[in-house]
Amino acid sequence: MPIVASEHGPQLDFYNALVHLLMFALFIGWGAYFVYALYRFSAKRNPRANYHGTKGKLGKQSEIAVAIVEVLFLVGFAFPAWAVRVNAFPAESEATVVRVIGEQFAWNIHYPGPDGRFGRTDIKLVDASNPLGLDRRDAAAKDDITTINQLNLPIDRPVIVHLSSKDVIHSFGLPYFRVKQDANPGMTIPVWFQPTMLTPEGESWEIACSQLCGLGHYRMRGFVTIQTREQFEAWLKEQAAAQ
Amino acid sequence: MEHATAVHPPVAHHVEHAPELGFWWKYVFSTDHKVIGIQYAITGLLFLLFGFTLMAIMRWQLAYPGQPVPVIGAWLGAGNASGGVILPEFYNQLGAMHGTIMVFMGVVPLAVGGFGNFVMPLQIGAPDMAFPRINMASYWAYFVGGVVMLASFFVPGGAANSGWTSYVPLAVTATTGQTWWLLGMVFLITSSLLGSLNFIVTIFQLRAPGLTFMRLPIFVWMQLVTAYLLLLAFPPLEAAAILQLMDRVAGTSFFLPSGLVVSGQVVQISGGGNPLLWQHLFWFLAHPEVYVLILPGMGIVAEVLANNIRKPLWGYKPIVYSVVFLGFMSFVVWAHHMFLTGMGTTMSAFFQTTTMIISIPSVIILTSLFLSLWGASIRFTTPMLFALAFLPMFGIGGLTGLPLGLAPTDIHLHDTYYVIGHFHYVVAPGTLFALFAGIYYWFPKATGRYMNDLLGKIHFWGSFVAINIVFFPMFIQGLAGMNRRLYDGGIQYAHAQETAKLHVPMGYATFALWFFQLFFIVNFFWSIKKGRQAPQNAWDATTLEWSAPSPPPHGNFPEPPVVYRDPYEYSVPGHPADFTPQFQSDKKA
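For the protein sequence lines, the chains are A and B, in the order given.
In terms of the working numbering, the first sequence is residues 1 to 243.
In terms of the working numbering, the second sequence is residues 1 to 589.
It is worth saying that the hints were derived from the structure and are not from the lab.
Only a predicted model underlies this, so the values are computations on that prediction, with no experimental measurement involved.
Do not rely on the hints blindly, as some may be mistaken.
[Claimed, not checked] With a straight-line cut-off of 20 angstroms between C-alpha atoms, the simulated SDA-like cross-links for lysine to any residue are:
no., chain 1, residue 1, chain 2, residue 2
1, B, Lys-317, B, Phe-328
2, B, Lys-26, B, Arg-133
3, B, Lys-26, B, His-554
4, A, Lys-60, B, Val-324
5, B, Lys-501, A, Arg-219
6, B, Lys-501, A, Ile-3
7, A, Lys-124, B, Gln-268
8, A, Lys-60, A, Met-23
9, A, Lys-55, B, Val-572
10, B, Lys-317, A, Tyr-51
11, A, Lys-237, A, Arg-157
12, B, Lys-317, B, Phe-204
13, B, Lys-457, A, Val-35
14, B, Lys-529, B, Pro-551
15, B, Lys-26, B, Phe-143
16, A, Lys-57, A, Ile-68
17, A, Lys-60, B, Ile-357
18, B, Lys-529, B, Asp-453
19, A, Lys-44, B, Ala-577
20, A, Lys-60, B, Pro-318
21, B, Lys-501, B, Pro-473
22, A, Lys-124, B, Gly-259
23, A, Lys-124, B, Gly-271
24, A, Lys-60, B, Val-320
25, B, Lys-317, A, Thr-54
26, B, Lys-317, A, Gln-61
27, B, Lys-26, B, Trp-140
Please model the complete structure; the sequences and the hints are all you need to start from.
Structure below.
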């Protein structure tokens, strides 16, 4: 498993490990039985088969055990963990809010700027220098910041990403954060997480497009950098000056 | 084998034929279920080889991105592979067509059209399918669909390149090949619908006297449930394919939302559609389709297993009830392919629960097959080796479905190599091994000769080792977060650096796997002419197909068979022979 740099990541990894443990136990258990049965009941060692076969209850018991464990996974983990991911959003005022819009083959990142409001966008304004079609005449848009393929975020503060796409379906995959969500055109889907680790100097963490989106899918790679609050504010200022 | 000759001396080939037909009507436009079955099987096998070869080319690109493909690189065409180096556009074509060919033109036609057609009427003691002409139409619709799909490689822009799932809007904006793909699918689906109708009517109407439902061989049950799945799940996809075709050629927007901007240009469409609608329609078919891929294989495994353990299968009734339940449940799990499309808690809870529920009948079936081994007297014949290997391989495929079926653990694994590993374990060393078991097992019925055992065992062991080296590393890659469908195998990504190295041994294992199929191909053709002659009941088996001559004539049975007992009466206490066929009356025993 790769680095885990989000608050919910370790929990998902823990349950993933538990599920794999169950799988492994079942495989080893049945595998051992299988190998023994092949050895013990080969035609050489057992020339005449037993019409009635096994009378044991092992099969039924193992089936019931599997069913119980599955129910435990569902109720104890899957339902609540999913509810936290898709329902328990933090307040926007308490979070870093950002729009991410996929296009063939890049990630457009849109910060609302100091006013906290995203400016109006219009597909008629889209051109090479303005991939989002941001209407700079809109008051809310004046301080907005856009970047391509570079998502900077502050550590230890929830992040809300409003995810969409301009053209085809992409998938916003952050392997180190255990975050993945399809970016569908015509829809905006929010996703949230909380970074817990700073990106080490000289390293680049990645946004990996996870849904086939055309011939450049393999190179639709963005970067995500986790900074301290101060570094992040400084970076935003720097970007604002460059808009 | 001594028993077989003693009980059923091989019948000489003087059985009466229906009025002699010319070559074309006998072998090409035949209405005989056995000829159609063999047509299906051979066409399906050729498509499997072709689809596998596409993957071998992709595996080279993954192992050595940007290096020219050896041997065949020069023949791929400059527009596809310049200087033998595969282009991303072509890679995506290979991927989409590999999936399409393997699923819709390889496994299903072989498992249902091939085995279902050839074996099922024989196993129920029928002279033919209920509607022989519809049966022929089914094969020829499949054939046309196959030709359309193959021809699409030669249209401008090449074949479809949006994945076998053809997600919109990508598929709507794709090159002309996608239109051909949709047309091809309409033919393939029509073929399956015609076939499934025929299967259902045949199983209900043409069973031999005495062959009650609870005496049916498991294989027939599997084909029956499969036919219902095809009949009920394919029409929505056929409709969806036509809607997508309209979006492409008639300017509709069933699946296209307003405000699309592709390559910086506003797309001139009416808009208002929804891309998720396609995914729902697609997976409403494609999840039952998973069971269409696996159930016939399970049926074959059950037959081969019962025959080679020389005792009845453990838990015949639980297996039958499980497969019927599985059939129903397979219609309500489809959206577990779509957890990451923005699904809320209620929907995800529903589909996670149904997904866990559907695992139970699969566990029951697999457990029953495992427990059948207890007390057996196992003959390690070539078909048995493939059938035995199916059990742990399908086990791995099924188990790895667990973390994918739970939405929170799916987040990290979704669309990674883990998914590819999961469904390939189900379909490749799972279903395909079962299909090979079936070919080795029923070859003597179709030809009157056994396939060569040594070549068969080399084929098995070589394939078994190679296929695991291809697929097992995919779980490691997937856990590391490596995404699927990447033209360069993920080497751009820091998180995939380490596991991308695995592509090299996986590539060589793929080529080795290809090589070991040569043993099968040679064996197949050699054995038709030169194989050891097989008696009518080639494996001392109990089901009805073994009471027909090998190969069975038009009309199958010289005398209409009558069924006296359960399907797997092996090693019945008090009987001298270790098998008591269904068609053997108590008086004789």
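**Asked** Hints broken by the structure, by number, lowest first?
**Response** none
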